[in-house]
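Protein chains in written order, with my numbering: chain W, 1 to 337; chain F, 1001 to 1337; chain Y, 2001 to 2412; chain B, 3001 to 3412.
Hints may contain errors.
Facing chain Y, from chain W, some residues (calculated, C-beta under 7 Å) [as the list claims (entries may be wrong)]: (1) TYR48; (2) GLY49; (3) HIS51; (4) PRO57; (5) ILE68; (6) SER96; (7) THR105; (8) ALA106; (9) ILE123; (10) ARG124; (11) GLY142; (12) SER193; (13) PRO196; (14) PRO254; (15) ASP256.
It should be emphasised that the hints constitute simulated quantities derived from the structure, not laboratory data. Every residue gets a Cβ at the ideal spot worked out from N, C-alpha and C, and that includes glycine.
Okay, here's what each chain looks like letter by letter:
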Amino acid sequence: MARMNMIQALNSAMDLMLGRDPDVVIIGEDVGYFGGVFRCTEGLQRKYGEHRVIDAPIAEGGIIASTIGMGVHGLRPVAEIQFADYIYPGIDQIISELARLRYRTAGDFFAPVTIRAPCGGGIRGGQTHSQSPEGIFSHVCGLKVVMPSTPYDAKGLLISAIEDDDPVVFFEPKRIYNGPFDGDPDKPATAWSSHPKGEVPDGYYSVPIGRAEVVREGEDVTILCYGTMVHVAEATAARSEVDAEIIDVRSMVPLDVGTLTKSVEKTGRCVIIHEATRFSGFGAELAATVQEECFYYLEAPITRVCGWDTPYPHAFEWEYFPGQKRLAAALDQVMSA
Amino acid sequence: MARMNMIQALNSAMDLMLGRDPDVVIIGEDVGYFGGVFRCTEGLQRKYGEHRVIDAPIAEGGIIASTIGMGVHGLRPVAEIQFADYIYPGIDQIISELARLRYRTAGDFFAPVTIRAPCGGGIRGGQTHSQSPEGIFSHVCGLKVVMPSTPYDAKGLLISAIEDDDPVVFFEPKRIYNGPFDGDPDKPATAWSSHPKGEVPDGYYSVPIGRAEVVREGEDVTILCYGTMVHVAEATAARSEVDAEIIDVRSMVPLDVGTLTKSVEKTGRCVIIHEATRFSGFGAELAATVQEECFYYLEAPITRVCGWDTPYPHAFEWEYFPGQKRLAAALDQVMSA
Amino acid sequence: MARKSRLHIPHPPARPGDRPDFGYVEISEAGEVDRPEVNSRVKHMESLAHDMVRVLDDQHAALGPWNPHLDTHELQIALRYLVLSRVFDERMLRMQRQGNISFYMQSTGEEAVSIGAAMALQPSDMLFPSYRNSGLHFARGRNPVDLMCQCLSNSKDMCKGRQMPIMYHWARGKIFSISGNLGTQFPQAVGWAMASAIKGEDAIAAAWLGEGSTAEADFHHALTFAAVYQAPVILNIVNNQWAISTFQGFAGGERRSFAARGPGYGIASIRLDGNDLLAVHAVTRWAAERARTGNGPTLIEHVTYRAAAHSTSDDPSRYRPKDEWRSWPLGDPIERLKRHMIVQGDWTEARHDKLVADVRELVDESWKEALTHGSMTEGPFLDKYELFEDVFKDIPTHLISQREQMLGFEED
Amino acid sequence: MARKSRLHIPHPPARPGDRPDFGYVEISEAGEVDRPEVNSRVKHMESLAHDMVRVLDDQHAALGPWNPHLDTHELQIALRYLVLSRVFDERMLRMQRQGNISFYMQSTGEEAVSIGAAMALQPSDMLFPSYRNSGLHFARGRNPVDLMCQCLSNSKDMCKGRQMPIMYHWARGKIFSISGNLGTQFPQAVGWAMASAIKGEDAIAAAWLGEGSTAEADFHHALTFAAVYQAPVILNIVNNQWAISTFQGFAGGERRSFAARGPGYGIASIRLDGNDLLAVHAVTRWAAERARTGNGPTLIEHVTYRAAAHSTSDDPSRYRPKDEWRSWPLGDPIERLKRHMIVQGDWTEARHDKLVADVRELVDESWKEALTHGSMTEGPFLDKYELFEDVFKDIPTHLISQREQMLGFEED
Ligand SMILES: Cc1ncc(C[n+]2csc(CCOP(=O)(O)OP(=O)(O)O)c2C)c(N)n1
Ligand SMILES: Cc1ncc(C[n+]2csc(CCOP(=O)(O)OP(=O)(O)O)c2C)c(N)n1
Ligand SMILES: [Mg+2]
Ligand SMILES: [Mg+2]
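Given only the sequences and the hints, what does the whole structure look like? Please build it.
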């Protein structure tokens, strides 16, 4: 078993899939010779050639469109969008085409495209390098949407995504590329090497899309989270007197409703945390579903801890970032309700 | 007081605003000489000239971008997107630019753009002429999002939108352009002339953005709805033994939470209905907020009646459309809960 | 309001009530334009983007280096497909007017664009049509019944009722699905062609869009990607002068041809007479050979005229002279091919009448057969169950439960 | 994997370790290119999109019809701004390395593109820059302190801490805000220019983007709208050969200049030596006059070289020869202008040293002053309250309550 950070784990997933399946190709801005601005594709072009790991013009719409055409021609493309903030120029091809193709052709055509996009804040990236748009994509039927929180899941889920015949939007919380981050920017950075989920098999394995994971068992309240927030939740729970059960949602679509409701039925309380802005964010769907399914078990209103409903700021990053303090307060609040 | 259908009411709003404010301009595909494929801008180019009511190239991204530039130069542009389904090619300019400009320049620049887009189904338009993407836009901070359900509101809200210094995405439920529609396609079409809200003042008035309206008072359950669904709800309530209070949300952002919660606190029950797909739709935000605010008043889980989580079909339109049957069943269900 | 505006607003040459005027259409003489080698460099053939390749002259003779020299048999097949496309459109328009189908779009006047191209390509080449290229299906031998069933959303609809009429596709025939969103197929075709190049295969891709749709981002993405990767693709712009109510000047056609966009990207670009089936065929064959021999993409502008309404929802008499079509200087593609064949001695009026009658009968029979598979109002119907299939490859839990809910309501 | 791929992959002429090779850059002789009248028709000046307008020759003389004949005073001002831009960049780079600011992007080597253009425009003209055009601010007389405060996100930051460093704007100075999303400013500038035309005003718009960004949809939209409405706008492509790690061939520059995209839309297009301030000035003035006299838009390609890293997050030695900059055939814009002034007798090495020293002092003083307004770590800070302002014009209820929530936490 190797130790990998999330970048290495993603690289390993792509390396493996390029090796196993000659139809896998990678395309994106700076992904080829350079190996990606976050270095996720480092070394892959050298290893698999320029026609398998392809530098692209700066046109997200063109990148997505071309992968659809490739997918229809039997390839299994992985597109990198340099930052999730830059996915919007490609969104018509994603929503109107990629997500709908199988349906509108009654299964005669489909494009098994994986779209990788680093998301989230905590890197002083300001409003155009910090967004978390998973809520938008989760509303688009025909797309699968996932976000890993550890190197282990990153590799396993990316392998699943590439093998999946449905399009998958794969969000990568860039703040935890190098190590878990618990929301406190003043603490020295920790590396994945000190985290159990930084242990990643060198070879092939997969983590199924559509399954949430209970990352901490607890009795008092269920915390629903994903991406960087899993680590914020773990740190908060570790210090709290509240015995929280923490669920890493991992897959927004399809959503593992069973795992969520089982937990809330046990705890009777639920707090949702995500970096994305609150209003109409993915937390809304989680809250709506949980109250619908677990109404009679709930002892307190489901509470959301989210990015404020403003663009992501540069200066007040830590006031904006939903960190331990806010989560702890929400836990106390639901416990005293 | 005149009698107008929704098309005429929208036309009247634009006519008035073009007349009152020389900075108002209209731009869109086929809006000029032809008067729009739905005829909402009929006669306006003849009256105000080609440089005020402008035919555009088929490029939604270019249309939105150019209105941003115009707005920055002191104009007050109204862009028509021919169908809401075609708004996606312009979404980067909407999300990354229009919605963020005031914030990122600390108020030094802004663009008071109104984007009109006919939305919703019930017209045999299939998946690319029937979508309801309001949920996506409601998640984008910096945008106001509205949808009228009557000619009176359409005119009053459009005037407010054009006068607003913030960008407004103005969705027009095209199924009720000509008359209210209660969800039953087999009934003879009714015209706005037989509806009280088809009475529309010829002159200037406005309906404020950010206010919901109680369109029917009731004691048993609150129905939250907007657009075409208001009429489905009214028809359902009229036939039901359940005494429903019906709220026309009208403005998704800002949301009139007070009016919603006041009602649910009274009734203790809440059903949400919209045409958009359910998963992560705007109903999720409504449900999440209502349960958060009214938890202790709720006697049954908040239930959502929505478009199924599939693309909008052509053949099975009436199986897909959330109509009276499904709403009535939801009412019965929450009452018996 | 008394402002003096300097915004230039394009004006079509004629509005309702005016005399049609096509003086703006620059037309070369038939046979006049050179035919470069397929491996010529773009900069040595830029004039092709401005001239107009024409083979058929006013006396219906086939002239010059672009003459594809189709044999009698090929000409007869082409004519048959042209007629089939026209007759099919007429019939479906009537069916829409009678309420049998919900919507329809005709290709009237621009049939040669599809038929000429399809006949010049290989069966393994992948086609990415717009909604006005139903001729591609005919020319690839599709049974009209299949298309009718789609328009009827009946039990044999290849789209299972999920798309509006005319949004056909044909996986086996290598014809891609039509999207309601204009232009999206253009860069997808480039991606398909890139995949062909990646795999080292011979098959190329071809795509079509309207001149109005060139303003969309997809057009630019297609040209950029095609140029950068030298993708084996043929990108066709069908300039039928109108985009619903706006004439081609609103897409930027006032100052330049649409083919002229290509050379700026380094793409071979040819403007041609789209109502001259021989020109369409010859240029497509040239472009296909260019692509197949590793010489990269070609952009083709087909100059033609949308003779009918935009769709059954449209009334063109509101924005252009009613009889504009009659003044169109490039004539009617069927009439021109027919005359050519007659002049060549391969064809007669009598045989033509017989052809039309045969095709009418075929279309009548097809319609009857299509109806046996149902319509929107008469069974057999599609299974409602299908509404939830194909959103994903495997139906996920939440859709299973929504399906159950729906079926519950249906049973009430 | 043994597939024979036919996908063309553009290759830069040199990678790390290779000898730099700029043989692909086509360069005209200084003074050689004609200067047409500003109302010339596009089709009569297409060659301008391929040639390269240059005024300064290798002996530093100013030659030919494009010589703008700037007077000594103007030349000195230009030189001062060039030096200020360079020195400012150097200083801010150091400040970033020392952790005082979070991020930075230099314009090194391409300063003339901004300074030359800004000096040729009117103060009422609206500028839509990319992130590598900070020179526009200097040339419009902006106090360097303002820009530094933005980079520091301090209490005087014009963006109130909401944007990353270098995302400046200046409403009074008519310089638009910079977006992180590449290219979006291009069609916005066209919209601004359309508004100017609608209002009958004289002011024009100018916008800049990198050659890599031409691949984005916004580029196409800008050109289409500018052409259709003949908007009074100058669209500048700064071809600095690189887009992060990909060379200009990946944006489609292998076969054609970027200026060559323009004529296909019917837009006047000029390629020029972007390191020759006189050429930039002259062509911008020509384009501005063209726009202002109702002759429509101009597309300008500035051929230059990104001498520094893409940003402080980038390490160019991973993808291009370390010393590539030294082989750049168009030299350094500051050095070239300085030599020209010396050759003309207007300038001396000593005066130049003095200028550099003065500017260094100004920048030092400015930095000190900027710091008095705070930094990310030292007060005075921005008011946290501001986080919730300007999302909308008036702060709505839900943001008021979120603000209260946040302030509650801060008090803990
Ligand atoms: C993205 C998008 N925007 C707008 C429309 C509405 N629309 C449908 S057809 C059409 C005109 C297209 O004109 P053109 O490209 O010239 O094709 P033609 O109809 O002439 O064949 C428009 C604007 C659409 N379908 N998709
Ligand atoms: C829409 C979008 N996609 C990708 C990026 C990431 N990105 C930032 S700068 C850059 C390269 C731009 O190159 P170019 O346009 O040539 O400008 P230059 O940096 O050379 O001035 C990229 C890909 C972005 N900011 N926006
Ligand atoms: Mg057309
Ligand atoms: Mg560049």
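So, going through the hints one by one against the coordinates:
1. At a threshold of 7 Å, the smallest CB-CB gap from TYR48 of chain W to chain Y is about 11 Å, leaving the interface hint violated.
2. Hint status for GLY49 of chain W: violated, given a least beta-carbon distance of 10 Å to chain Y, over 7 Å.
3. With its C-beta approaching chain Y no nearer than about 5 Å, HIS51 of chain W sits inside the 7 Å limit, and its interface hint holds.
4. With its C-beta approaching chain Y no nearer than about 5 Å, PRO57 of chain W sits inside the 7 Å limit, and its interface hint holds.
5. About 5 Å separates the beta-carbon of ILE68 of chain W from the nearest beta-carbon of chain Y, less than 7 Å, and the hint is met.
6. With a cut of 7 Å, the hint placing SER96 of chain W at the interface with chain Y holds, because the nearest CB-to-CB distance is about 4 Å.
7. Taking 7 Å as the C-beta contact cut-off toward chain Y, the hint placing THR105 of chain W at the interface holds, the least distance being around 5 Å.
8. At about 4 Å, the closest approach between the beta carbon of ALA106 of chain W and any beta carbon in chain Y falls short of 7 Å, and the interface hint on this residue holds.
9. The criterion of a C-beta within 7 Å of any C-beta in chain Y is not met by ILE123 of chain W, whose closest approach is roughly 29 Å, and the hint is violated.
10. Nearest Cβ of chain Y to the Cβ of ARG124 of chain W: about 31 Å, over the 7 Å cut. The hint is violated.
11. Contact between GLY142 of chain W and chain Y, as hinted, is supported at the beta carbon level, the nearest pair being about 5 Å apart and thus within 7 Å.
12. Here the hint on SER193 of chain W is broken, as its CB sits about 36 Å from the closest CB of chain Y, past 7 Å.
13. For PRO196 of chain W, the shortest C-beta to C-beta distance to chain Y is roughly 30 Å, which exceeds 7 Å, and the interface hint is violated.
14. For PRO254 of chain W, the interface hint holds, the least distance from its beta-carbon to any beta-carbon of chain Y being 4 Å, beneath 7 Å.
15. Restraint check, ASP256 of chain W versus chain Y: the minimum CB separation of about 9 Å is more than 7 Å; hint violated.
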